[in-house]
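Protein chains: 2
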Amino acid sequence: MRIILVGFGVVGRSFAELVLSESKKLSQGFGLKPKIVGIVDSKGSALSPDGIDIMKALNSKKANGTLEALAPVYRKGIGGVEAIREVECEVVIESTPTELSKGEPGLSHLRTAMKEGRHVICTNKGPLALAMPALIELAHHNEVMFKFSGTVGGGTPVLDFAKKCLEGSEIKSISGILNGTSNYILSKMAADGSMMQDVLAEAQKLGYAEADPTYDIGGFDTACKLVITSNYILGSSLSIKDLEIKGITGITGKDVEAAKAKGNTIKLIGRMEKKAKVSPEEIPMTHPLNVSGTFNAISFDTHPAGQITLVGKGAGGKETASSVIRDLIEIRRTFAR
Amino acid sequence: MRIILVGFGVVGRSFAELVLSESKKLSQGFGLKPKIVGIVDSKGSALSPDGIDIMKALNSKKANGTLEALAPVYRKGIGGVEAIREVECEVVIESTPTELSKGEPGLSHLRTAMKEGRHVICTNKGPLALAMPALIELAHHNEVMFKFSGTVGGGTPVLDFAKKCLEGSEIKSISGILNGTSNYILSKMAADGSMMQDVLAEAQKLGYAEADPTYDIGGFDTACKLVITSNYILGSSLSIKDLEIKGITGITGKDVEAAKAKGNTIKLIGRMEKKAKVSPEEIPMTHPLNVSGTFNAISFDTHPAGQITLVGKGAGGKETASSVIRDLIEIRRTFAR
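Going down the list, the sequences are from chains A and B. Using this note's numbering, count along the first sequence one by one with no gaps and you end on 470. Using this note's numbering, count along the second sequence one by one with no gaps and you end on 470.
Since no wrong hints were added, every one of them can be taken at face value.
Within a straight-line C-alpha distance of at most 30 Å, the following computed DSBU-like cross-link-like pairs (lysine-lysine) qualify:
hint, chain 1, residue 1, chain 2, residue 2
1, B, Lys166, A, Lys297
2, A, Lys338, B, Lys395
3, B, Lys407, A, Lys158
Cβ-to-Cβ under 7 Å is the rule here; a few derived chain B residues that face chain A:
hint, residue
4, Asp293
5, Ser302
6, Pro421
7, Ile458
Simulated from the structure, these hints should not be mistaken for laboratory data. Using N, Cα and C, we set each Cβ at its ideal position, and we do this for glycine too.
Given only the sequences and the hints, what does the whole structure look like? Please build it.
So, in structure tokens, the structure goes:
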């Protein structure tokens with residue numbers, strides 16, 4: 134199966150590493166033999182119909198942050214759209230960073246890939262948060278598969294779970310802790326009375342939070358994931374612009390203490406009932422959504438099976454890459470029929 | 134789809150109620166039109182190839198604890214084995230009570246149904262805890278489907294989740310809180326310092342615990358579920374007799390306090406790593422398995438997706454009946470191919 138990897142950040146590299154380390158299992162267990170024929174990073178593209186030396190690509194990126202060691206296979210200035218058009222493949226994996234004003238360059242990558250008849254696996258939340266219904270329609274029109282398991286829950290199969298395992302049960306509402314950074318901060322404030330700015334600084338040092346933390350603690354990451362989950366599972370047609378979004382920046386130590394005194398804890402929750410919104414909520418300490426640290430959790434209120442909650446690491450390179458592998462297995466299986 | 138219901142306790146009756154209340158959804162959504170042609174209770178059987186009046190059966194059972202109001206369709210003394218042999222059907226649903234010395238009468242019902250070429254849905258843990266590999270072999274040999282989603286997790290799709298959603302990930306170990314009664318008792322002891330005998334008495338009053346609580350608090354229910362989960366998901370060939378089983382009866386208030394002082398809590402855990410065992414364990418308060426009340430939780434330690442935990446109501450008539458419905462949908466889908 135020929136693959137173009139658009140984006141060679143943490144997720145793209147973790148995927149490449151898994152392709153190397155798990156190759157025997159993938160081949161024997163699932164008949165899956167991934168051949169990476171293109172790697173696109175922010176500066177150019179390595180393209181080779183015969184397959185790219187993955188180890189060399191990983192080492193080059195590690196050593197000097199670029200793929201230049203792969204020249205002449207690597208050419209500066211060749212972007213994702215060009216790369217997808219130039220080299221034949223079965224699957225395009227889009228893992229460039231999430232961007233929420235126009236969803237670019239991810240959106241153009243996805244559209245180009247679908248129009249070229251490529252199956253698409255996407256871990257980039259931006260295009261889906263902005264234009265998910267149109268993208269699903271485009272995939273349908275071009276008769277390609279469009280998978281995005283890694284956008285919600287990292288390696289925790291949130292979307293698959295609801296689709297494959299809750300059949301016959303009605304899902305009445307969805308609520309979740311979908312951002313590990315915010316949850317780390319709130320958990321730490323609740324556990325030892327730390328101030329938000331101190332925990333944030335610590336989280337940045339540990340790599341749990343970005344230098345500009347707005348995307349995480351402002352609730353936008355949660356909102357993206359809620360849009361994707363709700364559209365996929367409940368069949369809504371939301372864009373992130375439809376959501377009421379409130380982050381955790383206003384939460385003080387006093388709020389945290391007041392909640393605690395009532396046996397509650399404050400969590401940043403994305404919730405879809407009649408409408409979708411993101412805001413800090415007080416939940417009982419004993420609530421299944423009360424997970425600590427960087428864990429994510431999502432609860433489905435179902436009839437007649439009651440409340441069912443899935444908890445796992447919501448991010449991480451190799452975790453998200455494991456979702457990409459699952460998507461690949463599903464594409465391969467559908468292919469094989 | 135013609136069904137014989139063997140066992141008309143809480144689960145059997147909840148299933149019958151769902152068939153009535155959800156009939157439109159099942160028919161329109163899944164092409165599923167269940168027709169109950171047999172109901173077997175502990176005293177006799179109601180059998181009718183044209184279908185049994187479900188409402189009448191439910192009312193009769195409610196009014197006087199028997200199905201006698203259905204006479205002459207109801208005949209005293211006709212047991213499950215006879216009933217399965219007498220009336221044609223596509224699916225036998227076995228929901229008689231769990232019995233752990235010989236697995237009877239469930240085991241004979243399952244064997245008879247399979248030999249007669251009927252698909253089987255089982256919510257009774259006894260036969261599986263004792264003879265799961267042989268039963269799976271028998272189902273295979275007779276080319277019938279054998280589903281038992283309701284035996285673990287009640288309405289929470291534990292078994293399906295691991296099979297359908299964790300593909301491509303290696304499951305290194307499984308650990309779970311699989312018995313609601315024990316968890317209710319331990320949670321209450323930890324929350325307010327109650328004594329075990331007082332909480333147990335209260336749980337019996339609330340209907341969370343049986344008059345003879347040995348099966349639950351002695352760890353046997355947890356052991357049954359661990360055997361089923363491990364055999365189904367990890368491919369082991371365990372019987373409950375292979376397990377080391379220790380219940381919660383020895384846990385004192387002092388133990389609970391000592392754990393608390395270390396930031397831990399005591400839970401009854403079924404664990405399968407190299408070998409399978411059931412015993413009380415101390416886990417950190419912040420651990421995803423730390424669920425309270427009657428909740429169940431099961432954690433899969435996976436590579437490379439990390440620890441993934443599923444939390445839900447582990448028992449209950451309508452919850453477990455919803456698992457039976459999911460199994461029926463799957464049988465119907467496989468049929469339809």
